[in-house]
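Listed below, chain by chain, are the residues.
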Amino acid sequence: MHHIRPLMLLLTIALVISPALAQDDVPTIYIYNNSGTLQFDAGGSDPVVLEEITNHIIEQIGVRPVTIVPPGRGPVATEKLNLLLGSSDPIDLFQTPGPGYWHDYADAIIPINDLLQEYGQNILQVIPENQWAQMTDADGNIMGIPRSTPTSPYITWVRQDWLDELGLEVPTTLEELEATIEAFQAHNPEAFVATRPQDITWSTLAGFTPNGRSNWLDPDDGMVKPWVLQPGVKDWLTKLNEWWNAGYFYPETFTNFDAPEVFRTCNLGVWMAWYSRITLITPQIESNCEGIEWARTSIVGPEGYIATSRPQNASAYVITRKAQNPEAVMKFMNWVYHADTTDNQLTARYGIKGTHWDYQDPETRTVEVYDSGYVSEFMLPNLNIEIRYSVLDPARAWHVQYLGSTLIDLSDAKKPFDADISYNLSLIAEETPYLGDIQRLMDEQTILFITGARPLDQFDDFINELNMAGIGDWVNALTAQYNAFAG
Amino acid sequence: MSRSSRTLPLQRSGESRWSLARKKFIKWRFYYLLITPALLYFLIFHYAPMAGILIAFKDISPFGGLQGVIDGPWVGLKHFTRFFNSFFFWNVMRNTLEISVLKIIFGFPAPIIFALMLNEVTRTVAKRVVQTISYLPHFISWVVVTGLITALLASNSGLLTGLLNSLTGESWSFLTNPDHFRGILVSSHVWKTVGWSSIIYLAAIAGIDPHLYEAAAIDGASRLQMARHITLPGISFVIVILFIFEVGHILEAGFEQILLLYSPAVYGVSDILDTYVYREGLIRLQYSFAAAVGLFKAIVSLILIIGANSLARRLGQPGIW
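As given, the protein sequences belong to chains Z and H, one line each in that order.
Heads up: the first sequence begins at 1 in my numbering, then just goes up one per residue.
Heads up: the second sequence begins at 488 in my numbering, then just goes up one per residue.
Think of the hints as simulated: they come from the structure by calculation, not from any bench.
Just so it is clear, the structure is predicted and the values come from calculations on it, not from any experiment.
Take these hints with a grain of salt, some might be off.
To be verified - Okay, the calculated bits of chain Z under chain H, using three or more residues with CB under 8 Å as the criterion:
| # | segment |
| --- | --- |
| 1 | 52-66 |
| 2 | 130-138 |
| 3 | 424-435 |
| 4 | 466-480 |
Stated by the list, open to error - Straight-line alpha carbon distances no greater than 35 Å define the calculated DSBU-like cross-link-like pairs of lysine-lysine that follow:
| # | chain 1 | residue 1 | chain 2 | residue 2 |
| --- | --- | --- | --- | --- |
| 5 | H | Lys510 | Z | Lys80 |
| 6 | H | Lys545 | Z | Lys322 |
| 7 | H | Lys545 | Z | Lys80 |
| 8 | Z | Lys415 | Z | Lys80 |
| 9 | Z | Lys80 | H | Lys565 |
| 10 | Z | Lys353 | Z | Lys322 |
| 11 | Z | Lys322 | H | Lys565 |
| 12 | Z | Lys353 | Z | Lys80 |
| 13 | Z | Lys322 | H | Lys614 |
| 14 | Z | Lys415 | Z | Lys234 |
| 15 | Z | Lys225 | Z | Lys239 |
| 16 | H | Lys614 | Z | Lys225 |
| 17 | Z | Lys225 | H | Lys510 |
C-beta: ideal position from N, C-alpha, C; glycine also.
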């Protein structure tokens with residue numbers, strides 16, 4: 001008995017230590033998944049399923065991914081990111097948020113040129129060459145993997161079922177759109193138009209200005225200026241103010257309203273904001289809003305298409321300076337972005353092939369997704385890979401199909417004047433010390449003009465206020481970088 | 488007594504002072520032990536971080552850690568100047584002060600009145616039920632409270648706005664209306680804090696000698712007269728101390744509450760120092776700027792506390808030191 005006790009003790013110690021030792025062989029990478037994938041599923045996956053998928057990935061590439069779920073969207077997620085980067089907590093991979101994207105985080109991330117060459121060949125194949133310019137600094141260092149691509153996400157949507165009911169055509173001009181809204185409201189007094197404060201310039205301004213929601217080159221002085229100084233901005237505000245006074249808009253449209261809640265009212269007749277609310281929320285409310293259908297429009301105003309397309313920006317997936325295993329991070333990304341198969345990205349999105357999803361048609365890469373309890377913690381989306389498959393899942397089928405076709409169609413939106421220029425946004429912010437004040441003025445005052453809280457005859461005062469707040473510094477910084485780029 | 492004979496006891500007392508202190512320390516060692524965690528807490532979490540104010544005078548790399556702070560170049564008062572020259576400096580200061588003062592005007596007397604009223608309730612069960620219900624909002628986070636406010640006041644779906652819309656036939660909008668926004672802030676603040684803040688006044692009232700009430704009753708004083716001439720003077724020292732603390736927090740107008748409720752439509756009446764710093768400092772990674780504004784706030788608060796305290800002492804109240 002006395003001999004057995006030490007043996008038992010040794011055995012217990014060995015049992016406790018062995019898994020820890022075994023885990024040491026597998027590098028762990030910490031992903032802060034602020035890509036937007038988890039914005040509706042912050043509760044996370046079923047832990048058992050998540051562990052299964054993690055083990056599957058370890059088997060595939062010998063890397064253990066661990067996801068840190070952001071506490072919310074927008075500034076809340078960014079605040080948490082900044083705290084993680086400034087603390088001793090592990091974080092190896094994240095998506096750089098705006099306004100400065102990777103430029104703002106240049107001190108916290110590493111160049112990935114060598115890692116890409118050694119471990120990232122799939123990524124290099126999948127992402128077109130012209131999308132790397134936004135990722136590259138003045139010394140040729142590639143600072144991240146592109147997250148965004150040029151898209152047209154701010155097209156206006158109109159209720160097709162209501163149009164059919166009223167015998168109307170899809171509107172093609174602003175006048176027709178106004179007539180449609182009038183008809184909708186006559187038919188249903190609760191019907192309304194909704195947009196979002198951050199989207200309204202993108203979805204409507206181009207109809208009234210030469211360049212839309214874009215910087216522009218003023219021919220009078222050769223300076224590159226922000227959109228707000230364009231000719232036509234006052235006309236745009238006047239028109240939207242008329243719409244506000246006519247009661248077209250959802251009354252909370254300029255607060256931080258909850259989009260799903262607005263859709264659930266079934267009274268939304270016109271949506272003039274980010275496309276995915278339509279493609280993702282509509283399938284969720286179809287049972288409540290019987291027969292709901294949407295028509296994508298191509299509306300023109302006095303100055304052309306009313307929407308501005310969204311250029312690729314400097315948003316990137318980046319590897320942090322404090323990453324213990326940057327090679328493992330790149331291996332993981334390379335696995336997700338596999339050039340020859342969609343299996344890996346689908347594993348990151350839906351789980352294990354054969355268990356959580358399977359190809360219904362391998363030729364067309366049509367995927368059937370099963371209930372799994374997994375909410376895509378390992379998915380780091382990029383349009384370049386998301387357009388390679390379609391799903392049967394009614395909740396996502398339309399969205400996935402839209403990503404691969406219509407979203408990248410830029411033909412009925414104005415392309416920003418400087419879409420191809422890779423500005424150093426951090427440098428612009430540094431040279432424009434009151435950039436935050438100017439942006440607040442633009443956000444705040446345009447909404448006050450639209451809602452009538454500030455009379456439009458004070459528009460010139462507003463421009464003077466922008467000058468007093470230092471918009472001239474911004475103009476100088478933009479012009480210097482534009483000229484440097486344009487030669 | 489000779490000079491030498493007088494110095495001898497002093498020398499002895501010098502030696503004995505040390506041993507006396509030692510003896511005292513040994514005698515009260517358990518009390519010192521008890522106070523140690525609190526002292527350490529203040530040292531570690533309140534005094535040591537004060538070294539961080541250095542970054543208000545430097546340009547630092549946001550992710551450079553301690554080395555970034557050490558290596559960052561000194562820039563003097565650059566961040567302070569930038570703040571004072573900001574286009575929105577006066578707007579932000581005015582909003583902060585106005586919202587705070589409104590909260591003090593309506594929020595400070597409310598728990599005193601509530602405590603006085605509660606003190607007059609003689610039925611113990613009713614008193615306890617009212618007390619418990621009034622404490623509940625304190626335990627609800629601002630996230631939930633702002634959700635409730637939105638559910639009540641949202642233009643289309645809000646309970647109150649729906650009722651007003653149907654009664655008046657007009658379209659009411661509260662959360663986007665600069666005229667109503669501060670009223671929402673102040674009333675929700677009062678609702679959330681009135682019960683919990685009344686506890687200290689109820690405790691102070693409980694400490695008033697009951698014989699005073701008995702004597703006043705014999706003299707024929709009414710309940711209102713007793714409240715005015717006995718209860719209120721009896722708790723005046725607590726009121727003064729809490730008022731001084733309140734004044735010290737005047738530049739904190741309710742960050743979380745405002746951040747969760749405001750939108751560009753009401754920035755003009757709701758953007759306060761803390762929300763400004765949050766946007767400019769923490770989200771835009773300008774930590775030095777955030778530290779400069781934080782230091783400015785601390786200095787103003789210190790001046791206000793000293794001023795309020797000396798005013799209280801001049802008016803014959805005890806003050807906080």
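Right, here's what the structure says about each hint:
1. 52-66: violated (count 0)
2. 130-138: The restraint on the segment 130-138 of chain Z is violated, since only 0 of its residues have a Cβ under 8 Å from chain H and three are required.
3. 424-435: Contact hint for the segment 424-435 of chain Z vs chain H: holds, 3 residues under 8 Å.
4. 466-480: This one holds; 3 residues, not fewer than the three required, reach chain H with a Cβ under 8 Å.
5. Lys510/H with Lys80/Z: violated, 51 Å
6. Lys545/H with Lys322/Z: holds, 24 Å
7. Lys545/H with Lys80/Z: holds, 24 Å
8. Lys415/Z with Lys80/Z: Roughly 34 Å separates the two Cα atoms, so the pair holds.
9. Lys80/Z with Lys565/H: holds, 27 Å
10. Lys353/Z with Lys322/Z: Roughly 33 Å between the alpha carbons, so the hint for lysine 353/Z and lysine 322/Z holds.
11. Lys322/Z with Lys565/H: holds, 30 Å
12. Lys353/Z with Lys80/Z: holds, 33 Å
13. Lys322/Z with Lys614/H: violated, 58 Å
14. Lys415/Z with Lys234/Z: holds, 21 Å
15. Lys225/Z with Lys239/Z: holds, 23 Å
16. Lys614/H with Lys225/Z: Given pair lysine 614/H, lysine 225/Z is violated - Cα atoms ~65 Å apart, limit 35 Å.
17. Lys225/Z with Lys510/H: violated, 77 Å
Checked against the numbered hints listed earlier, the structure breaks hints 1, 2, 5, 13, 16, 17; every other hint is satisfied.
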